[in-house]
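On the provided structure of chain A, position chain B as indicated by the hints.
Read top to bottom, the protein sequences are chains A and B. Residues 87 to 464 in the working numbering are what the first sequence spells out, letter by letter. Residues 87 to 464 in the working numbering are what the second sequence spells out, letter by letter.
I should point out that these hints are in silico values taken from the structure, not numbers from a laboratory. One or more hints might be untrue.
25 Å max Cα-Cα, derived PhoX-like pairs, lysine-lysine [claimed, not checked]: (1) B/K361 to B/K143; (2) B/K461 to B/K414; (3) B/K135 to A/K197; (4) B/K388 to B/K414; (5) A/K414 to A/K461; (6) A/K361 to A/K143; (7) B/K420 to B/K461; (8) B/K135 to B/K117; (9) A/K117 to B/K420; (10) B/K117 to A/K420; (11) B/K388 to B/K461; (12) A/K117 to B/K414; (13) A/K361 to A/K388; (14) A/K461 to A/K388; (15) A/K361 to A/K420; (16) A/K388 to A/K414; (17) A/K414 to B/K117; (18) B/K197 to A/K117.
Far from chain A, some chain B residues (derived; all Cβ distances over 10 Å) [unchecked claim]: (19) N146; (20) R255; (21) T309; (22) G329; (23) R433.
C-beta: ideal position from N, C-alpha, C; glycine also.
Number of protein chains: 2
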Amino acid sequence: MLDPDIIFLNHGSYGATPVPVFEEYRDWQIKLERQPVLFLGRELQNYLKHARECLGKYLNADPDDLVYVPNATFGVNIVARSLNLTPDDEILMTNHEYGACENTWWFICEKTRSRLRRQQITLPVNDEQEIMEQLWQGVTDRTRLIFVSHVSSPTAITFPVERICARARQCGILTFVDGAHAPGQINVDLQAIGADFYVGNCHKWMLAPKGAGFIHVRRENQTLIEPIIVSWGWPAAAEHSTGSPFLDYLQNWGTRDHAASLSVPAAIHFLGDYKWEEIQRSCHAMLAGVIEAMGELTGLEKVYSRSSFYQQMAALTLPEQVDVVHMKEHLYNKNRIEIPCYRWEERPIMRLSVQGYNTQQELQYLLSAVEQYLKQAA
Amino acid sequence: MLDPDIIFLNHGSYGATPVPVFEEYRDWQIKLERQPVLFLGRELQNYLKHARECLGKYLNADPDDLVYVPNATFGVNIVARSLNLTPDDEILMTNHEYGACENTWWFICEKTRSRLRRQQITLPVNDEQEIMEQLWQGVTDRTRLIFVSHVSSPTAITFPVERICARARQCGILTFVDGAHAPGQINVDLQAIGADFYVGNCHKWMLAPKGAGFIHVRRENQTLIEPIIVSWGWPAAAEHSTGSPFLDYLQNWGTRDHAASLSVPAAIHFLGDYKWEEIQRSCHAMLAGVIEAMGELTGLEKVYSRSSFYQQMAALTLPEQVDVVHMKEHLYNKNRIEIPCYRWEERPIMRLSVQGYNTQQELQYLLSAVEQYLKQAA
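Chain A with its partners taken away, still in its complex shape (with noise of 0.2 Å):
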C-alpha cells in the first residue's frame, strides 16, 4: 500500500501493511460496527484466544503467557511500573537501547529512587562473548533486572539474548527483552530465549497493521504483573474472566479497536503463503551488499564484524563530518528516499531496512545517491 512515488527504505520504524493483512483489519472493524454489544462484550475473547494461539505457535510460547498490547513500549512500561522498584534496586541496559524505552526506565528509577546503568558495548561487535563481558561489567549485587534489546533500534545488532538470559537467570538476575524490531525479521523462539519478560511488535516486521504488539511474561512471573490501565480486568473479573489474572488484567483496559491485533493471524498466513524465509534471505544478501559498497565508498569501519549479526536492517556509518538532519531531508527531498540519518553515541548513522518489496534497483539507487551527497557535502 505504500506509496509507489516514494523509495521506502525504512521499514525498521513502522513497518508496512499488505494489501491482504490490510483487508482482513478493515473487515474485523466492520464486523465490531456491526454488533458492537455482541463483538466487544461477548465475542472479542474468543478471537483474542485464537489470535493469541497464532502467535504463540508462531513465536514458540503458550498462548496464554502472551497478551496483545499496542506496542512494544507499552509493554516495557507495564513490566517497569510492575516491578515496584525501591531505592535498593538497578536495572542495567545497554547504550544500545531503545530511547522511548530508556526514557520509561529513567521515569520510573527517578520515581522510585532506584538505578539506572547504562553498560557501553562497543563497536564494531566482534563476537558475543565480548558483548556478554562488556554488558557484566555493570552487574552488581544490586542488580535486580538486565534489559536488553533482541535487535537494537539505533544500530540494528542482534543480540545475544538466549545467553544472556541463561547467565542472569544463574545469577537471579530478571531478564527483559526488547524484541521490537526482532519477530518476523529474525527467528524469534521465545522457550528457548528464556527471558523473563519479552516484548515486541508485529506491526514492523511481522506485516501487521499498526498497534499490534505483544509481551510475553513467563508463567512464574506472572504474579508480579499489575495492570497498567485498570479497568474490569481487575480485581480478577467475575463476568468475562479468561481464568488468568495476568491476562484479565493486560486484556481489558476499556473500548478500543482491536483489529491490529486480531489481524495478526492473517498477517503470520501472509509470512507463510509468501514463503517469507526465502524474502528474508534474499533481502539480507541485499543488504551485505550494499553494507560492503558503502565500506568502500566511505572507507569507515562498518558496525558489524560478521553478518551475523545483522539481519533485514542494518547501521551505516556515516562521515564524521556530516550533517544528518541536512543528509536525512536532502535524500527525500531531492530522491525521494525515506531513510533515517542520526547521530548515535556522537557517530553519525543510516539505517537501511531492506524489506520484500524493495529491489536491488532501489539500493542502487542509494548508492549512487548517497555518494554525490558525500561529494557533494565535502
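For chain B alone, kept in the frame of chain A given last:
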C-alpha cells in the same frame, strides 16, 4: 452500519458509527499505510492539533488543555496515577460510578493506602440540592478529590457537576468528572463546568469510531500530570515537542493507529449536518414515553422524578423477582433486542438507549416484549 436484524437499544455501551464517519476513519488508515514515516513521524502532530481544535470548539475548551486517549477509563487511570496519593488522602465518589473506574480507584487506593469513600445517592433522584447534600455527607477534611459521573453509567442520571465543582473548589477539593456518556448526549461546556479533570468518550454519543476518548485538564493542574505510558514525550521532547509537557506526556506513547481520534472532526460535522439537537429532542421524547409506559406496566417507582435528569438513555426499574441475566438473553434470542439488564445495588434495571436510528415502532416492540416476558415469568 448496524446489523438490520437486531433491534439495537444499547447505544450507551459502545456507540455506533455512521457510514460517512467510518469512511473518513478508513481513509486515515489508508493514508497512514501509504507513507507511515511521513504520517507518524512528521505530520501526525498537526493532524492531532486540528482534531483537538475541533473537539475544543465542540466542548468549549482550549484545545491545548485537551488530549485524545483511547477511552474515558484510560483517562481516569492517568489522573489516578498522577495524584501520587498518600495514606492521608481520601477520594470521594458516588455509588453510581462506572465499575471499571471504581476498580481504578480501589486499585490506586490499595496501592497507596489512601481511602476511597463511596457515598450513597438514593433513588429516585428528586432534585439537585438533595444530591449535593447526600454527596457532601462524604466530605471530610482529608478529601483530596471528588470523582463523579456527568451522566452515570448504571443509572443514567445527569449529575449537577457544575454545582459540585464550584462548591468543591470553595472547599479546596479537586474535582474529576467522568463524562463517558455525556458529550453528544447532553450539552458539555467544559469552561462552565470548571472541573479540574474531565474525561469523556467521542465513540459513544458523538458517533466517532471506537477508541476516541479524551482528557481535559485545567491549565493550573497540568503540572500534576505524569505520563502513564512513558515514551518519546517524557522528558520534554526535544524533537517533536508541541511546547506543552502535558500534551507531550500524554500524546506520545508509541506506534498505534490514531484514526479514531482523527475522525472526531468528521463525527462533529455529521452531528451538525443532521441537525442532531432536533434528533436528540425527538429521542428524548420517545424515551420519556417508554418510561411512562413502563411505569404503568410494572407499577414500580421511577428512577427519575423529572425528565431533566436523563436525556437519551434511562434506567428502567424491573420487578424485584426478575432474573436479569435470563431476561437479557431472552430478549436477545427470542426478540432480537439488544438491551442490557442487570442488578445495580440489588435493584433490577433495564437500561434503554434511544438513538437517531431507533424508531417508535421498535420501542413499542420492546414494551410488548417486556410485557410478555414479565407475564410469562410471573
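We went through each hint and held it up to the structure:
1. About 17 Å separates the Cα atoms of B/K361 and B/K143, which keeps this hinted pair within 25 Å; it holds.
2. With a C-alpha separation of about 15 Å, the suggested pair B/K461 and B/K414 falls inside the 25 Å cut-off, and the hint holds.
3. Under the criterion of a C-alpha separation no larger than 25 Å, the hint pairing B/K135 with A/K197 is inconsistent with the structure, at around 30 Å.
4. For the hint pairing B/K388 with B/K414, the CA-to-CA distance comes to about 20 Å; that is within 25 Å, so the pair holds.
5. Of the supplied pair hints, the one linking A/K414 and A/K461 holds, its CA atoms being roughly 15 Å apart against a limit of 25 Å.
6. Of the supplied pair hints, the one linking A/K361 and A/K143 holds, its CA atoms being roughly 17 Å apart against a limit of 25 Å.
7. Taking the CA atoms of B/K420 and B/K461, the gap is about 15 Å. The hint holds against a cut of 25 Å.
8. Among the hinted pairs, B/K135 with B/K117 is consistent with the structure: their alpha-carbon atoms are about 17 Å apart, no more than 25 Å.
9. Under the criterion of a C-alpha separation no larger than 25 Å, the hint pairing A/K117 with B/K420 is consistent with the structure, at around 22 Å.
10. Our distance criterion of 25 Å between C-alpha atoms is met by B/K117 and A/K420, whose separation comes to about 22 Å.
11. About 20 Å separates the Cα atoms of B/K388 and B/K461, which keeps this hinted pair within 25 Å; it holds.
12. With a CA separation close to 22 Å, the supplied pair A/K117 and B/K414 stays within the 25 Å bound.
13. The hinted pair formed by A/K361 and A/K388 fails the criterion: a straight-line CA distance of about 31 Å is larger than 25 Å.
14. The straight-line distance between the Cα atoms of A/K461 and A/K388 is roughly 20 Å, inside the 25 Å bound, and the hint therefore holds.
15. Simply put, A/K361 and A/K420 have alpha-carbon atoms about 35 Å apart, too far for the 25 Å limit, and the pair is violated.
16. The hinted pair formed by A/K388 and A/K414 meets the criterion: a straight-line CA distance of about 20 Å does not exceed 25 Å.
17. Of the supplied pair hints, the one linking A/K414 and B/K117 holds, its CA atoms being roughly 22 Å apart against a limit of 25 Å.
18. A C-alpha spacing of about 39 Å is found between B/K197 and A/K117, which places the hinted pair above 25 Å, so the restraint is violated.
19. At the 10 Å boundary, the C-beta of B/N146 stays outside the reach of chain A, the nearest C-beta of that chain being 25 Å off.
20. Against chain A, the non-interface label of B/R255 holds: every CB pair exceeds 10 Å, the least being about 27 Å.
21. For B/T309, the requirement that its beta carbon stay farther than 10 Å from each beta carbon of chain A is met, with the minimum near 16 Å.
22. The Cβ of B/G329 sits about 18 Å from the closest Cβ of chain A, beyond the 10 Å cut-off, so the non-interface label holds.
23. In this structure B/R433 is separated from chain A by more than 10 Å, as the shortest Cβ-Cβ distance comes to about 18 Å.
The structure shown violates the earlier hints numbered 3, 13, 15 and 18.
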